[in-house]
Structures are given as C-alpha cells and as structure tokens.
Amino acid sequence: MGNRLCQVTVCGETKAFPEGTPFGEIVKEFSHFTEYPVVLVMADGKLRELHKKLHRDCRVQLITTADGIGHKAYKRSMNLLFLKAVYHVAGHENIRKVVLRFAVDAGFYYTIDGNVTVDQAFLDQVDAYMRSLVEKELPVMKRSISTSDAVELFHRYGMYDKEKLFRFRRVSRVNVYRLEDFEDYYYGYMVW
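Heads up: the sequence shown begins at 1 in full-length UniProt numbering, then just goes up one per residue.
The hints are simulated quantities; they were obtained by calculation from the structure and are not laboratory data. Computed from a prediction, not measured in an experiment: that's the story for all the values here. Incorrect hints may appear among the rest.
Listed next, the in silico PhoX-like pairs over lysine-lysine satisfying Cα-Cα at most 25 Å (straight line) [unchecked claim]:
1. 97 / 164
2. 97 / 142
3. 97 / 72
Just the calculated beta-carbon pair ranges, DEER-fashion [said to hold, decoys possible]:
4. 66 / 117: 21 to 29 Å
5. 66 / 187: 19 to 27 Å
6. 118 / 69: 28 to 36 Å
7. 178 / 96: 21 to 29 Å
8. 33 / 57: 35 to 43 Å
Note that beta-carbon positions come from the ideal geometry of N, C-alpha and C, so glycine has one too.
Make a model of the complete structure from these sequences and hints.
Given below as structure tokens:
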C-alpha cells in the first residue's frame, strides 16, 4: 500500500485510506450503512470487485446481495464454490463434465458426467465441504490471461467445452477466477 491517503465517501460519510487498500477492506468501515453483505462497489460510477484496489479519491456506492447485480455476483460465486466442492469430493479424474443446465426456483440444476454416483451421501459430502470452505473465508481471486493460455489451462483441467470455446474466441484476454487451487471461467463479476 502507498503512503498517500485517498478520501472515500459512502452515504455522505468520508474516511481516509492508504492508496492501494482493497475495496474489500474499505467496505468494512462502512458496513453500518447496510443490513446485507456488501459484495461489490460502484466507485465513481464504475462497478468494482472487492479485490480491486483504491487509487484515488472517490464516491462509493455499496452493492449488496439485496441488489440485483450483487445477487447475481453472489450466485456466480456460489457456483464456483459448488464446482470446487464437486470436483474435490468426486475427484477430478472421475469427472468428465459438470454442466449447469438451468435455474429451478432459487436453485440450479446440474448434471455430472463421469464415474460418480450422485446420491445423498455424495451430496452431504459436497455440502460439508462447501461449508468448510465458507468458514475459511477464502477470497475468490481473479486473473487475466491470454486466450491461448486459457485454451491450454482448460485442456489441462479436462474442461474441453471451455477449451473449445476459447479456441474460437476473438478477444485476446480471458478473466479466470480462482478459489484456492480450483480455477474456472465466469462471464461476470464475482464476490471476493
């Protein structure tokens, strides 16, 4: 973090933070303004994930799970958490493909192709592992890689549909999100 202090204003209240402070640390100082968890911020009109760092004075709007965009980011992040748990419990070598098919009420319908028996015992293990990860309060980290690196990465992970997707992508960079040692591609913002 830098030595320069930046002024951050939320709901009319201004506080100073060192340049380079992640927004995730900043929002803790303003949590009294909302009853729901803050998952993103709007800094001077630009949507930011909480791992992004402060570089100048700004006005910040807190985006929570009660806001549409915040709720969507939360759901995407829970999908990443779920997939990490499924691959951990089943063993990556036993899964050919996990596909999110569609939403069902407030949940999602997935199919798992591979040498996996999806029974209550399996689901209980996935649930327990997800809860253990949540208790650790691990950050979801984002990195930008070249499209050619994404092709190699998803081939190595056995995610051949994503490998194929990026073979034909015209954009030169791809955002990949990581939860501990599990990485995947998502098309929108995630929670920290």
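Cross-check of the supplied hints:
1. The straight-line distance between the Cα atoms of residue 97 and residue 164 is roughly 14 Å, inside the 25 Å bound, and the hint therefore holds.
2. Proximity of residue 97 to residue 142 is assessed by CA-CA distance (about 23 Å); at most 25 Å being required, the pair is judged to hold.
3. For the proposed pair residue 97 and residue 72, the alpha carbon gap of about 23 Å is at most 25 Å, so the pair holds.
4. Residue 66 and residue 117 have their C-beta atoms about 38 Å apart, which leaves the hinted 21 to 29 Å range violated.
5. Between residue 66 and residue 187, the C-beta spacing of about 22 Å keeps the proposed range 19 to 27 Å intact.
6. Range check, residue 118 to residue 69: about 32 Å between beta-carbon atoms, so the 28 to 36 Å window is met.
7. Hint check: residue 178 to residue 96, Cβ distance near 22 Å, so the stated range 21 to 29 Å holds.
8. Checked against the hint of 35 to 43 Å, the pair residue 33 and residue 57 fails, with Cβ atoms roughly 19 Å apart.
Comparing the model with each earlier hint shows violations of hints 4, 8; every other hint is respected.
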